[in-house]
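Heads up: the protein sequence lines correspond to chains E and V, in order. Quick note on numbering that gives the first Met the number 0: the first sequence kicks off at 0 and runs consecutively. Quick note on numbering that gives the first Met the number 0: the second sequence kicks off at 0 and runs consecutively.
It should be emphasised that the hints constitute simulated quantities derived from the structure, not laboratory data. Computed from a predicted structure; not experimentally measured. C-beta: ideal position from N, C-alpha, C; glycine also. It cannot be assumed that every hint is accurate.
[Unchecked claim] Quick list of in silico lysine-lysine cross-link-like pairs, BS3-like style, CA-CA up to 27 Å:
#1 V:Lys250 with V:Lys264
#2 E:Lys43 with V:Lys655
#3 V:Lys309 with V:Lys57
#4 E:Lys43 with V:Lys355
#5 V:Lys116 with V:Lys250
#6 V:Lys57 with V:Lys655
[To be verified] With the C-beta cut set under 10 Å, the calculated list includes, among others, these residues of chain E facing chain V:
#7 Ala20
#8 Val61
#9 Met63
#10 Met70
#11 Ala76
#12 Gln77
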Amino acid sequence: MNAEAWKTMWLSLSAFLSVGAAAWATAYAQARIGAAGAGAMAEKPELAGVLVLLIAIPDTIVVMGFVVGIMLALKAAQ
Amino acid sequence: MQVSMTKVEIIGPKGLLFDTLALLHRLGILHVESLSKELLKSEFIHRMKLEPAQEEEKQRLEILRTRVNGILSELGPSLQKTSSEKGRSAPIWAGSEEELTQKLSSAIDKLEARTAKLAQQKSSLEVELILLEQYKPILEKIQPLAKEIEASDGFESVALLLERDYKEGLELLEKDLAETTKDQLRLVSSDVDEDTTAAIIIFNRTFSRSVRSFLASAHVNELKLPPYLAGKPFGEAFGFLKERMKILPQKIKDIKEELSEISAKWSARLLDLRQILLDRLAEFEELPKLGCTAYAFFVRGWLPQNEVGKTRELLKKEVGEGVSLTKLKLTSKEWEEAPVVLKNPLWARPFQLFFKLVQPPKYGTIDPTSFVAIFFPFLFGLIVGDLGYGLVILILALLIKRKLREMVIAQVFTSIALISSISAMFFGTFLFFEIFGDLGEKVIHVLWRLEPPYFQIGGFNWPILRGDPEESFYFLLIMALAIGVIHLSIGFVFGIINNIRLHHYRHALEKGGFLLLIISIIFLVLAGWAQLLPPVFTYLAFTLLVLSVGGIGYGGGIKGVIEIFGTFANIVSYSRLMALSLAGAIMANAINVLASDMGSLGPVAIVGGTLLAIFLHAINIIISVLSPSVHSLRLHLVECFSKFYEPATVSYQPFKKIGGEGR
Chain E
0 MNAEAWKTMW
10 LSLSAFLSVG
20 AAAWATAYAQ
30 ARIGAAGAGA
40 MAEKPELAGV
50 LVLLIAIPDT
60 IVVMGFVVGI
70 MLALKAAQ
Chain V
0 MQVSMTKVEI
10 IGPKGLLFDT
20 LALLHRLGIL
30 HVESLSKELL
40 KSEFIHRMKL
50 EPAQEEEKQR
60 LEILRTRVNG
70 ILSELGPSLQ
80 KTSSEKGRSA
90 PIWAGSEEEL
100 TQKLSSAIDK
110 LEARTAKLAQ
120 QKSSLEVELI
130 LLEQYKPILE
140 KIQPLAKEIE
150 ASDGFESVAL
160 LLERDYKEGL
170 ELLEKDLAET
180 TKDQLRLVSS
190 DVDEDTTAAI
200 IIFNRTFSRS
210 VRSFLASAHV
220 NELKLPPYLA
230 GKPFGEAFGF
240 LKERMKILPQ
250 KIKDIKEELS
260 EISAKWSARL
270 LDLRQILLDR
280 LAEFEELPKL
290 GCTAYAFFVR
300 GWLPQNEVGK
310 TRELLKKEVG
320 EGVSLTKLKL
330 TSKEWEEAPV
340 VLKNPLWARP
350 FQLFFKLVQP
360 PKYGTIDPTS
370 FVAIFFPFLF
380 GLIVGDLGYG
390 LVILILALLI
400 KRKLREMVIA
410 QVFTSIALIS
420 SISAMFFGTF
430 LFFEIFGDLG
440 EKVIHVLWRL
450 EPPYFQIGGF
460 NWPILRGDPE
470 ESFYFLLIMA
480 LAIGVIHLSI
490 GFVFGIINNI
500 RLHHYRHALE
510 KGGFLLLIIS
520 IIFLVLAGWA
530 QLLPPVFTYL
540 AFTLLVLSVG
550 GIGYGGGIKG
560 VIEIFGTFAN
570 IVSYSRLMAL
580 SLAGAIMANA
590 INVLASDMGS
600 LGPVAIVGGT
610 LLAIFLHAIN
620 IIISVLSPSV
630 HSLRLHLVEC
640 FSKFYEPATV
650 SYQPFKKIGG
660 EGR
């Protein structure tokens, strides 16, 4: 395998890891927040709106992962 | 926009207290403030208490309320829907307090015993019917068994019910009982349903006690029939049960009809009656917030400024010259306790809903409703950016709006969806040219053999092809970050204004520092990196940068300087606009590819492909409504509002007639 192929492979792998790991981390955080939020909502249903917002907060991780991933993927495609 | 408020004090002789309260209650605009500790320090001022006669009256009304609620619950929730229009029966209850209480009592006396009796009869008949429905399949199975082992006078029978999983236990039971009865017994069994097996044991009456005590010690459940069936032979009991099951529904129906008649005649009046009771009780419950001296009472509270004159006039006209209303002069600390009332133009009003998630803005600070009403649909539209999707959301919103006219919250949501869908259609048409993903492009290709991009405007291709990240990624990323810079800059400008209004000048300087920081970075990027500005701007940018960090440090201290990194993170967070925008478009294109590939397999597959496309686009539209809404909201509440927003500590709760618990 030549150097260019190695570079493409590593870039693609990095892009995969960037999105995959970030998505896993977001899912983990959202699961925790969701579970705690569901408990809180059972006591106070009026917290539903705030809960939706709280669940959206860890989304930043996957969004950043996606941005970095797509940049790497575009680089690999060049 | 916040409504200007005024703190007022209403003073009058104690004799006019309830007339004053009744008027204020009817007007429903005074936010009554509880008596402050400072005022209570005076030896002449006390908290208002109920006189013994008033206390007695309150208790009487509370009892009446409980009785009315009892009657209404017996009439049933569905029957309560036959409520009258407001005030329909008001003349019936007009008159003095004593007359009112008498009328209420006599009305309740008439109804209470009758409805309670009917409701109890109905409930016991319903319970009986349910029980009989449970016994019916069991007796149906047992009856032939009972016939099979026709019991003579010297024999007795016991019916058993057991889970089918333990059916094998019957053999053991038979063996044990055979020993107890010296083989003078017979046991037959049959399955009742998937889970239950019924059995009948017939044995010599002389062993009755020992058989029953054995069954009890072995924890075998004997079938207990209702009292009026117990002791009867199974065949006779079954016949009686069938007869009873025929009669009961008609009896229940008759009672329901009778209750319906009562409801049609009385429920409207009862609801009005409960409303009057609740309103009257609310007046009593407001009393401890009021102050009094030996001969006078006083109320302190907040009124919208434009209502002060009208309220004063009405007090004079309806209660008398003895009651006066004066405006109070306040310190800046007292102003902070002012309740907040928002009044926005019609187009922005639905967005006040977001202040259910956070407290409304503190009195005297900027009300960001109009700002949210502009940016929320803008961000939503940028993410969805599809003419077809926007149109579907618009149609759905209109349909729901029409269908759920009475539901306030549905009206608010659909109004937001309507405005946002127009924004999605705008971006879908003029920026991305997307109709259900790249369906529009495909149609143009088929009709005119044209491939995007169709035009070049100012060095940019039109449309921006979101489905092709190589083409659109950097454009969208820069656009998202630029929107973030603008959004946050407006937040900092609001922050400066708010802090000046609240006389927090150092914080205003801090916010100004952040604004300068953003401006200096814009100059640095435009002059140093993009080279769109002359190099002199680089020096200007550095000067501004130093000044901004100084301002932030002076205004916000170490925390402020650390917040610089937070602000950068906030700007980068806007890249989600690009990410969500791309993801939605790629998903829509993938659906089209999937459907067209399927459709290419043959004529039948075209129908399948179309159905698949409709189904998947429907799912994508649902995601396209939820995700952009949550993220646009988050960019406002988490990123932008943290730059300026001060929540109110007191919400406006005017002393007004609530119109009954059920409304």
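Do the hints match the structure? See the list:
1. At most 27 Å may separate the alpha-carbon atoms for a hinted pair to count; Lys250 (chain V) and Lys264 (chain V) meet this at roughly 22 Å.
2. For the given pair, Lys43 (chain E) sits about 26 Å from Lys655 (chain V) by alpha-carbon distance, which is consistent with the 27 Å threshold.
3. For a cut-off of 27 Å, the pair hint linking Lys309 (chain V) to Lys57 (chain V) is broken: about 31 Å separates their Cα positions.
4. A threshold of 27 Å between alpha carbons decides the hint, and for Lys43 (chain E) with Lys355 (chain V) the separation of about 14 Å falls inside it, so the pair holds.
5. A hinted pair counts as satisfied when its Cα atoms are at most 27 Å apart, and Lys116 (chain V) with Lys250 (chain V) qualifies at roughly 14 Å.
6. The suggested pairing of Lys57 (chain V) with Lys655 (chain V) holds, with an alpha-carbon distance near 18 Å, which does not exceed 27 Å.
7. For Ala20 (chain E), the shortest C-beta to C-beta distance to chain V is roughly 16 Å, which exceeds 10 Å, and the interface hint is violated.
8. Nearest Cβ of chain V to the Cβ of Val61 (chain E): about 8 Å, under the 10 Å cut. The hint holds.
9. For the restraint placing Met63 (chain E) at the interface with chain V, the shortest Cβ-Cβ distance is roughly 7 Å, inside the 10 Å limit, so the hint holds.
10. Annotation: interface hint on Met70 (chain E) holds; nearest CB of chain V at approximately 8 Å, less than 10 Å.
11. For Ala76 (chain E), the shortest C-beta to C-beta distance to chain V is roughly 7 Å, which falls under 10 Å, so the interface hint holds.
12. Interface restraint check: Gln77 (chain E) against chain V, minimum CB-CB distance 9 Å, threshold 10 Å, status holds.
Hints 3 and 7 from the earlier list are contradicted by this structure; the remaining hints agree with it.
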